[in-house]
Amino acid sequence: MMVLRTREKQTLFLFIVGLLAWLVPGAGHLLLKEKERSIIIFVTIVLTFCVGIYIGSIGVINLYGSTPWYVVGAQIMNSPAVLVLGQMTTGGAYPVNGWPNEIGQIYTSTAGLLNLLCIVNAVYLAYLRGTEPARG
Amino acid sequence: METIFVIATFTVPEKFGASPQSMLWLLPLVAAIAIIYKATKVPAIKAGNFIKEVTILFGSIIVFIIIAALTLHAFAWLITA
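In the order they appear, the protein sequences are chains A and P.
For reference, each letter of the first sequence is one residue, going 10 to 145 in this note's numbering.
For reference, each letter of the second sequence is one residue, going 139 to 219 in this note's numbering.
It is worth saying that the hints were derived from the structure and are not from the lab.
Glycine included, each C-beta is placed from N, C-alpha and C at the ideal position.
Keep in mind that a hint or two might mislead.
What the hints assert, rightly or not - If you anchor each label on the Cβ, the simulated ranges turn out as follows:
#	chain 1	residue 1	chain 2	residue 2	range
1	P	206	A	100	38 to 46 Å
2	P	216	A	72	48 to 56 Å
3	A	20	P	154	43 to 51 Å
4	P	190	A	99	19 to 27 Å
5	A	138	P	150	45 to 53 Å
6	P	202	A	107	26 to 34 Å
7	P	205	A	48	16 to 24 Å
8	P	181	A	52	15 to 23 Å
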């Protein structure tokens, strides 16, 4: 019963780490007391995402338009805040075409995929720490 | 939440077309990829070592892209010549 409870706690902890890492880039690592890593992740991902939005405008976040599903999926991996931006651009309120659109989409979706890498890394680190034998 | 509203003020896209200069937008993206990849891989983050690792990866990606571009250019030249 104790083992089961510990395993449940471990699973819940991994879920919280993953969820936090998605909510705010780098927050998963911060929870694991990896301060430097979390700052680097936060600054890099937010900057990359902002550069994409700067180049293509918020019109590149087109969740309900003709944007391919894999681009939308990658953009959402940045943070749920992308969903808020997606609501603002519903109905093609901010049209963007050509290269600014493509480069903006590449930047924002790459930032999302990099955050996905960080989410997986944070969960894996949390898992490793949970299975490591106690030191001392 | 305020960050979202600041981002939401970016409502007008930049104006540029397909030109050799527009390829330079590749550089910040490669830098971001190198930084995040190394941030997840390096066992302990020490400023000097981290910058060195990121620079090596950044350089490797750029060199590989240049080689790929030259190879494709040579192929295109051979086919169309």
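CB-CB spacing for residue 48 of chain A and residue 205 of chain P relative to the 16 to 24 Å hint
Violated - the Cβ-Cβ distance for residue 205 of chain P and residue 48 of chain A, about 34 Å, lies outside 16 to 24 Å.
26 to 34 Å was suggested as the range; check whether the CB atoms of residue 202 of chain P and residue 107 of chain A agree with it.
About 27 Å separates the Cβ atoms of residue 202 of chain P and residue 107 of chain A, which means 26 to 34 Å holds.
Outcome for the supplied range 43 to 51 Å, where the beta carbon pair is residue 20 of chain A and residue 154 of chain P:
With Cβ atoms ~48 Å apart, the hint holds.
Assuming the hint says 45 to 53 Å, is it satisfied by the Cβ distance from residue 138 of chain A to residue 150 of chain P or not?
holds (46 Å)
Falls inside 19 to 27 Å, the C-beta gap from residue 190 of chain P to residue 99 of chain A?
At 46 Å between Cβs, range violated.
Does the Cβ distance between residue 216 of chain P and residue 72 of chain A fall inside 48 to 56 Å?
violated (43 Å)
Is 15 to 23 Å a correct range for the gap between the Cβ atoms of residue 181 of chain P and residue 52 of chain A?
Between residue 181 of chain P and residue 52 of chain A, where Cβ atoms are some 21 Å apart, the hint holds.
Hint says 38 to 46 Å; check whether the CB-CB distance for residue 206 of chain P and residue 100 of chain A agrees.
holds (40 Å)
Of the hints listed earlier, those the structure fails to meet are numbers 2, 4, 7, in rising order.
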